[in-house]
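Novice: This is what each chain is made of:
There are 2 protein chains.
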Amino acid sequence: MFERSVRGHEIYEIVRLVRPLVLNSARVVETRLKPHNLTVGMRAVLEILAESGPTTVPTIAARLDLARQGVQRHVNDLIELGHVEQQENPAHRRSVLIALTPAGTERFGRIRDDELRELSELAPECSADDITTTVRVLTALHRDIRRKAAG
Amino acid sequence: MFERSVRGHEIYEIVRLVRPLVLNSARVVETRLKPHNLTVGMRAVLEILAESGPTTVPTIAARLDLARQGVQRHVNDLIELGHVEQQENPAHRRSVLIALTPAGTERFGRIRDDELRELSELAPECSADDITTTVRVLTALHRDIRRKAAG
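Top line first, the protein sequences correspond to chains F and S. Per numbering that gives the first Met the number 0, the first sequence starts with residue 0, numbered consecutively. Per numbering that gives the first Met the number 0, the second sequence starts with residue 0, numbered consecutively.
Calculated directly from the structure, the hints in this document are not laboratory data. Be careful, since some hints might not be right.
DMTMM-like, lysine to aspartate or glutamate: derived pairs with alpha carbons at most 20 Å apart [stated by the list, open to error]:
{"#": "1", "chain 1": "F", "residue 1": "LYS147", "chain 2": "F", "residue 2": "ASP64"}
{"#": "2", "chain 1": "S", "residue 1": "LYS147", "chain 2": "F", "residue 2": "GLU9"}
{"#": "3", "chain 1": "F", "residue 1": "LYS147", "chain 2": "F", "residue 2": "GLU9"}
{"#": "4", "chain 1": "S", "residue 1": "LYS147", "chain 2": "F", "residue 2": "GLU120"}
Note that the structure is predicted; figures quoted are calculated from it, not measured.
Looking at chain F on its own, in the form it has when it is part of the complex (with noise of 0.2 Å):
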């Protein structure tokens, strides 16, 4: 019962802990793509893009929990900035692909390349298997808490 009792206030501990590091990684994120001309939201369609190549608008959406409308205005501002393009859609002749340019795909790897950098900077006194166990840790969090959530 004793046990029982630690194992639940470590665990809010944890959901405490999350919520100010979303918010305070949201704003370091959004501070590191400003130079770029990109927004967090503009950062999350090229990632998705970079991950699964050329998509529909309303895959990305469905990916993103955004609204399509959302994911299609960062998308023209992408395709402005040169780092996307629509494509024709082999399978749709009514849809539209959204692609990355070389453009793009160096841009978002240079973006990628300097966030990995300074993520593996972080906690320094935390070792590998704590990282580890960390992620194993959250993916079964997630997991029960999305069926709670979705129940």
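Following the hints, position chain S against chain F.
Specialist: Below, chain S without anything else, positioned relative to chain F:
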């Protein structure tokens, strides 16, 4: 160099996992509070009062990083429900202290016990040590990311 890249990717995975965790856990807390006629904001005020004892609206607002007017609205709603009350402030004649009533203390205690029980049952495949490690890693990440966000 390879090690560093793995670490960066894993920490990126942590940052990526916490966002849906925050959204979904807020959704679950909200659902559990509804039968008590409480919102997530009202619950946050009750928690501060339970932890710190009677305090002023500006102090609560600072602790929660919320606007004073928002906190005052939560306090008014909580007074209406009989969970908190105003007390004279011995330190400043012109300001008042907000304090839990016995009914508010009892209600918040019950909500908290239910939450902790539910939290303790999450991620059952993760050990007590795994959870403790996660708290330690997130505390370190929070410290370093907050420092970057402020700078």
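Novice: Decide, hint by hint, whether the structure agrees.
Specialist: Structure-based check of all given hints:
1. LYS147/F / ASP64/F: 18 Å, holds
2. LYS147/S / GLU9/F: Distance of about 26 Å is beyond 20 Å: violated.
3. LYS147/F / GLU9/F: At roughly 19 Å apart (the allowed maximum being 20 Å), GLU9/F and LYS147/F satisfy the hint.
4. LYS147/S / GLU120/F: 12 Å, holds
When the structure is compared with the earlier hints, a violation turns up for hint 2 alone.
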